[in-house]
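A.B. asks: Here is how the chains run, residue by residue.
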Amino acid sequence: MNIIVCVKQVIDPEAPPASFKIDAANNKAEMRGAAPVIDPYGEYAVEAGLRIKEAKGGRITVMSLGVNLLREVVKKPLAMGADELILLEDEALTKGDGWSTAYSLAMAIKKRGNFDLILCGREASDTNAGQTGPAIAEILGLPCITLARKIEINDSKIKMERVNSSGYEVIESSLPAVVTVSNEIGQPRYPTIKGIMAAKKIEPVIWKPADLGIEAGKVSQRTRINKLFQPVHEAKCEFAAGETPEEMAVNLAVKLREARIL
Amino acid sequence: MSDYKGVVVYCEIKGDKILPISAEGLGVGRKLADSLGQELWAILVGGGIINLAQTAIASGADKVYIVDDAQLKDYQPDAYLSVLEKATKQLKPQIIILGQTDVGRELAPRLAFRLGTAVTMDCVELAIDPDSKRLLQTKPVYGGNAQAVFITETDPQIVTIRTKAMAALTPDASRKGEVINIPAQLDASVIKSKITDRVIEEVAGIKIEDAQVVVAGGRGIGNADGFKQLEELAKLLKGAVGASRPPCDNNWIPDTAQIGLTGKIIAPEIYIAIAISGSSQHMSGCSGSKTLIAINKDKEANIFRYARYGVVGDWKKVLPAFTQKLKELITA
Numbered sequence: 001m002n003i004i005v006c007v008k009q010v011i012d013p014e015a016p017p018a019s020f021k022i023d024a025a026n027n028k029a030e031m032r033g034a035a036p037v038i039d040p041y042g043e044y045a046v047e048a049g050l051r052i053k054e055a056k057g058g059r060i061t062v063m064s065l066g067v068n069l070l071r072e073v074v075k076k077p078l079a080m081g082a083d084e085l086i087l088l089e090d091e092a093l094t095k096g097d098g099w100s101t102a103y104s105l106a107m108a109i110k111k112r113g114n115f116d117l118i119l120c121g122r123e124a125s126d127t128n129a130g131q132t133g134p135a136i137a138e139i140l141g142l143p144c145i146t147l148a149r150k151i152e153i154n155d156s157k158i159k160m161e162r163v164n165s166s167g168y169e170v171i172e173s174s175l176p177a178v179v180t181v182s183n184e185i186g187q188p189r190y191p192t193i194k195g196i197m198a199a200k201k202i203e204p205v206i207w208k209p210a211d212l213g214i215e216a217g218k219v220s221q222r223t224r225i226n227k228l229f230q231p232v233h234e235a236k237c238e239f240a241a242g243e244t245p246e247e248m249a250v251n252l253a254v255k256l257r258e259a260r261i262l
Numbered sequence: 001m002s003d004y005k006g007v008v009v010y011c012e013i014k015g016d017k018i019l020p021i022s023a024e025g026l027g028v029g030r031k032l033a034d035s036l037g038q039e040l041w042a043i044l045v046g047g048g049i050i051n052l053a054q055t056a057i058a059s060g061a062d063k064v065y066i067v068d069d070a071q072l073k074d075y076q077p078d079a080y081l082s083v084l085e086k087a088t089k090q091l092k093p094q095i096i097i098l099g100q101t102d103v104g105r106e107l108a109p110r111l112a113f114r115l116g117t118a119v120t121m122d123c124v125e126l127a128i129d130p131d132s133k134r135l136l137q138t139k140p141v142y143g144g145n146a147q148a149v150f151i152t153e154t155d156p157q158i159v160t161i162r163t164k165a166m167a168a169l170t171p172d173a174s175r176k177g178e179v180i181n182i183p184a185q186l187d188a189s190v191i192k193s194k195i196t197d198r199v200i201e202e203v204a205g206i207k208i209e210d211a212q213v214v215v216a217g218g219r220g221i222g223n224a225d226g227f228k229q230l231e232e233l234a235k236l237l238k239g240a241v242g243a244s245r246p247p248c249d250n251n252w253i254p255d256t257a258q259i260g261l262t263g264k265i266i267a268p269e270i271y272i273a274i275a276i277s278g279s280s281q282h283m284s285g286c287s288g289s290k291t292l293i294a295i296n297k298d299k300e301a302n303i304f305r306y307a308r309y310g311v312v313g314d315w316k317k318v319l320p321a322f323t324q325k326l327k328e329l330i331t332a
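Note that the protein sequences, when read in sequence, are chains A and B. Every letter in the first sequence is one number past the one before it in the numbering used here, and letter 157, counting from 1, is 157. Every letter in the second sequence is one number past the one before it in the numbering used here, and letter 42, counting from 1, is 42.
Honestly, the hints are just simulated from the structure, not real lab data. Even for Gly, the Cβ is constructed at its ideal location relative to N, Cα and C. A hint or two may mislead.
Claimed, not checked - Rough simulated footprint, nothing fancy, chain B against chain A, three-plus residues with beta-carbon under 8 Å:
no., region
1, 94-106
2, 231-241
What the hints assert, rightly or not - Label pairs and their in silico Cβ distance ranges:
no., chain 1, residue 1, chain 2, residue 2, range
3, A, Ile225, B, Lys327, 48 to 56 Å
4, A, Gly113, B, Pro254, 28 to 36 Å
5, A, Arg71, B, Glu201, 37 to 45 Å
6, B, Asn181, A, Arg32, 29 to 37 Å
7, A, Ser166, B, Glu85, 43 to 51 Å
Whole structure, please, built from the sequences with the hints as guidance.
C.D. replies: Listed below in structure tokens is the structure:
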């Protein structure tokens with residue numbers, strides 16, 4: 001099994017909200033004082049890949065598109081057990097939108113070739129869109145299965161469970177296919193010391209637009225961002241009064257009852 | 001672009017009903033169509049669904065396109081996608097609205113990329129830009145820390161909408177509309193993956209997505225026993241128990257209870273957040289709650305920026321007294 005996993009470097013979604021700042025001029029956001037991380041769902045996708053590799057053998061290639069990719073961040077999947085890393089690290093490739101990102105990744109997957117399965121997280125923690133996986137599938141004309149919570153591979157067929165609101169669906173498909181992974185797949189493993197040492201020795205392969213047959217400056221774009229802003233939350237919390245926690249609790253209960261909320 | 005006209009809502013059907021989120025889609029679609037001076041259409045896909053056409057009309061549609069075929073009785077992504085692709089190519093709508101459901105989440109991006117256009121997922125506000133007449137698509141990003149307004153430059157402009165973010169119209173049974181059948185003409189070669197089984201997982205008590213009241217705990221609860229106290233309050237209020245990510249990671253409570261970006265996104269009437277600091281990853285799952293009540297020992301905790309009512313104090317002291325008093329008041 002040759003597996004390609006797409007991951008994204010994002011600002012840390014677990015950082016305190018107070019460190020979240022918007023750079024309005026560039027329609028970009030940052031987490032001040034917090035290092036970027038691999039997108040949480042991307043880590044679930046890496047974990048899903050590693051479990052298949054353990055069961056069936058094979059090789060895991062990790063791909064990531066972005067700029068200023070910190071090596072210690074993007075190498076985390078290698079430290080978890082992936083085998084190679086391809087970075088699409090170029091300003092021109094990040095100038096586009098969800099479509100161009102998926103297109104660049106699809107071209108890189110094609111160039112890499114020799115794959116049975118492509119895994120992505122169900123959505124990135126920054127854009128919260130969940131488009132990249134389905135988009136890669138459509139661009140490459142591959143089967144697309146989303147929201148996996150369990151993946152089994154048997155005789156070049158994939159059988160998986162897809163999370164839905166009332167339980168799950170069992171889906172079967174031919175390979176190669178694109179699968180997006182949900183958190184129900186199970187906790188991503190922590191890198192071991194041995195894994196971290198091994199990852200240090202792996203040099204990422206860097207591909208530029210020309211390597212992908214994409215003309216820099218002609219990255220196709222269908223969507224543009226008009227405005228990025230922080231919704232204002234007026235602090236309008238009514239705090240229950242009281243000398244002790246118990247007294248405050250009683251006063252809260254009375255207040256909520258009087259306001260007919262509970 | 002100019003040959004694209006009309007606003008179309010893909011109405012998702014579950015059992016023998018159109019989902020509430022699709023009625024919300026028709027509600028906002030009606031406004032958009034009126035502001036563009038265009039028609040609002042509904043697309044219904046399924047088997048034996050002809051009697052649902054009138055519901056879509058009552059909810060605002062001018063025309064209802066029905067793809068009714070026994071082979072489409074149950075949802076199959078590839079079959080439904082191919083039907084929507086054909087219908088879209090035939091109708092050439094300017095705007096397509098789907099719900100951000102487990103079906104919409106996969107159909108919308110696949111349809112968009114198959115048609116060579118773009119999609120904006122999980123919109124909470126939709127409006128027509130008065131100058132360009134393009135669709136202004138507002139959606140939460142960065143786990144709800146920010147919102148972004150997107151414009152799609154290609155047609156059709158495809159969006160999914162967040163549940164309960166837009167208002168449905170009051171159904172008007174006297175509204176008139178046209179019903180048009182579109183033949184399914186399914187081609188077996190488009191089916192690459194197939195749903196072979198559907199499993200409904202029973203949950204004890206009320207499902208968290210359906211609960212009117214959710215009592216949720218965070219890292220500060222400390223252990224599985226702590227969650228038993230939350231259960232007591234949830235039971236009293238006929239609600240469900242939820243959690244932020246740390247309690248799930250620590251196995252104090254099953255993963256299915258997780259609220260947030262990597263869990264469930266819910267919008268109950270009442271959300272009681274206990275010992276939850278309010279990280280953006282958590283808030284993106286519960287910020288749609290109507291009334292949020294927070295108990296936290298840190299007055300500066302982010303959760304109080306979202307809360308309508310709050311107590312600053314140790315939950316171990318606050319919660320038993322709160323539950324006890326509420327019990328007295330409710331039984332009185």
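A.B. asks: Now look at each hint and say whether the structure bears it out.
C.D. replies: Quick rundown of the hints versus the structure:
1. 94-106: holds (count 4)
2. 231-241: With 8 residues in contact (Cβ-Cβ under 8 Å with chain B), the coverage given for the region 231-241 of chain A holds.
3. A:Ile225 - B:Lys327: 48 to 56 Å: At 50 Å between Cβs, range holds.
4. A:Gly113 - B:Pro254: 28 to 36 Å: Violated, since Gly113 of chain A and Pro254 of chain B (Cβ atoms, about 41 Å apart) do not stay within the stated range.
5. A:Arg71 - B:Glu201: 37 to 45 Å: holds, 41 Å
6. B:Asn181 - A:Arg32: 29 to 37 Å: With Cβ atoms ~57 Å apart, the hint is violated.
7. A:Ser166 - B:Glu85: 43 to 51 Å: 27 Å Cβ-Cβ, so the 43 to 51 Å window is violated.
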